[in-house]
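Enquirer: Starting from the known structure of chain Y, arrange chain L on it as the hints suggest.
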Amino acid sequence: MPGIDQVLSRAMGIPGVLGAGLIDWTSGLTLGTAGRAPHGDHEAAAADTAEVVQAVARNATFDTAGGSAPDLEDLIITAAGSYHLIRFVHTAFDSQTYLYLWLDRGQANLAVARLRLRDLAAELVAA
Amino acid sequence: MALPLPPRTPPASAGLLERFAAEGVTGVLRGPHGSFYLLDGAVYCAEAATAPGLDVRLAAAGKVPSHRWQNAVETAGPDHRGGQFLVREGWLTQGELEICHLGALLDAAFFALPLRPETTSFTPGTAHWLGVVRRISAAALQRATARRRALLDRLRPWEAADTSPVVPVPPGRSGPSPTTGRQRRLLARADGRHTPTELARALGQSAFVTLLDIRRLAAAGLIRMPPATALPRRRPGACLDGRPAPGSRPTPTWQLPVPDILSTADPDIALLIRLRTALEENL
Numbered sequence: 001m002p003g004i005d006q007v008l009s010r011a012m013g014i015p016g017v018l019g020a021g022l023i024d025w026t027s028g029l030t031l032g033t034a035g036r037a038p039h040g041d042h043e044a045a046a047a048d049t050a051e052v053v054q055a056v057a058r059n060a061t062f063d064t065a066g067g068s069a070p071d072l073e074d075l076i077i078t079a080a081g082s083y084h085l086i087r088f089v090h091t092a093f094d095s096q097t098y099l100y101l102w103l104d105r106g107q108a109n110l111a112v113a114r115l116r117l118r119d120l121a122a123e124l125v126a127a
Numbered sequence: 001m002a003l004p005l006p007p008r009t010p011p012a013s014a015g016l017l018e019r020f021a022a023e024g025v026t027g028v029l030r031g032p033h034g035s036f037y038l039l040d041g042a043v044y045c046a047e048a049a050t051a052p053g054l055d056v057r058l059a060a061a062g063k064v065p066s067h068r069w070q071n072a073v074e075t076a077g078p079d080h081r082g083g084q085f086l087v088r089e090g091w092l093t094q095g096e097l098e099i100c101h102l103g104a105l106l107d108a109a110f111f112a113l114p115l116r117p118e119t120t121s122f123t124p125g126t127a128h129w130l131g132v133v134r135r136i137s138a139a140a141l142q143r144a145t146a147r148r149r150a151l152l153d154r155l156r157p158w159e160a161a162d163t164s165p166v167v168p169v170p171p172g173r174s175g176p177s178p179t180t181g182r183q184r185r186l187l188a189r190a191d192g193r194h195t196p197t198e199l200a201r202a203l204g205q206s207a208f209v210t211l212l213d214i215r216r217l218a219a220a221g222l223i224r225m226p227p228a229t230a231l232p233r234r235r236p237g238a239c240l241d242g243r244p245a246p247g248s249r250p251t252p253t254w255q256l257p258v259p260d261i262l263s264t265a266d267p268d269i270a271l272l273i274r275l276r277t278a279l280e281e282n283l
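Protein chains in written order, with UniProt numbering: chain Y, 1 to 127; chain L, 1 to 283.
Don't read these hints as lab results, they were simulated from the structure. Warning: the hint list may mix true and false statements.
Said to hold, decoys possible - Which residues of chain Y face chain L? A partial, calculated answer using Cβ under 10 Å: (1) T26; (2) D63; (3) V89; (4) A92; (5) D94; (6) Q96; (7) E123.
None of these values were measured; they are calculated from a predicted model. For each residue, glycine too, the CB sits at the ideal point set by N, CA and C.
Just chain Y, same shape as in the assembly (with noise of 0.2 Å):
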């Protein structure tokens, strides 16, 4: 029964990864990390995709189902040389997390990596 350690580690396993980590989107904190990050800085990093996420959980634009379910999936960003794959972690009690994944672009797959952190973040918990 793998926790978030072990969630980071397979990860890691993704073509073209170069690092990974599972964030607490209201502050930015990171609950654990696994191989590199842009500017060898974590924490940065933590803190700006924190900031992309609350833009868009905050904004009922991107919440057009009108369910109770919460909506949000992915959010990806393209950019020179690399992607950055956010993927928010559901659970059925109240928490605010995503994995957040760095692609190398010329190595990664994006609908791979996407299919795969999809996966990751249902296995993080499921029984």
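Expert: Below, chain L alone, put in the same frame as chain Y:
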């Protein structure tokens, strides 16, 4: 009564928590609003009266009913292995335990910080029954709390909504305003009697995120702001020390409108009234 919130500007010197952490202590720091459990200087558990704990969150989600929780406290508590017991019994996965635990820790830290030397006691050696699930450095916890405080401060004009019963405003002619799922759950539970932190407890959710959503709902005109109490009425020609400024010209007389005009279902007018009230407070 105001909620115990961390200060807007972090203290220049390192806080009490960081000083104890730097010494690598093991034990519990108890302050007026909450406690921190440390192992070799790292925080592994935090509790605060305002923030719903792991038990409340898991019970509200239907994950661990309270009698199971009591069973875990009695069976594994004496060995400080309560968290592992819940996982071993199949109530939670390791990932769920870690995420829920860290969420509760972060929420409690927000309300329990800062610790002040005159009101904080340290008991060396005391351990939490849950055991060490994951540890967070005191410095990272302080920085995370400061970032949370900054988020809340962007909505300072709606601070008064923190401690008042939450009263939804009926939708106007244009229909209900768009809200997020979390805000809809809050509005559905708001009965005009419970305060934001009471709603957070009832829903088993983060008290900090609840305050943030309540201030946003107030800013959007979707919940009623509490009536401004004891707002001083301006008197013509009055100045700050109560005497007319020398050589001042008579200032125009104006007064607050009668209270009935203040209650309106129109969100635009409600916003203008709130703006005016906020401006008057700064006069």
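Enquirer: If a hint holds in the structure, say so; if it doesn't, say that too.
Expert: Verification of the hints:
{"no.": "1", "hint": "T26", "result": "6 Å, holds"}
{"no.": "2", "hint": "D63", "result": "5 Å, holds"}
{"no.": "3", "hint": "V89", "result": "7 Å, holds"}
{"no.": "4", "hint": "A92", "result": "5 Å, holds"}
{"no.": "5", "hint": "D94", "result": "4 Å, holds"}
{"no.": "6", "hint": "Q96", "result": "6 Å, holds"}
{"no.": "7", "hint": "E123", "result": "7 Å, holds"}
In summary, the structure agrees with every hint in the numbered list given earlier.
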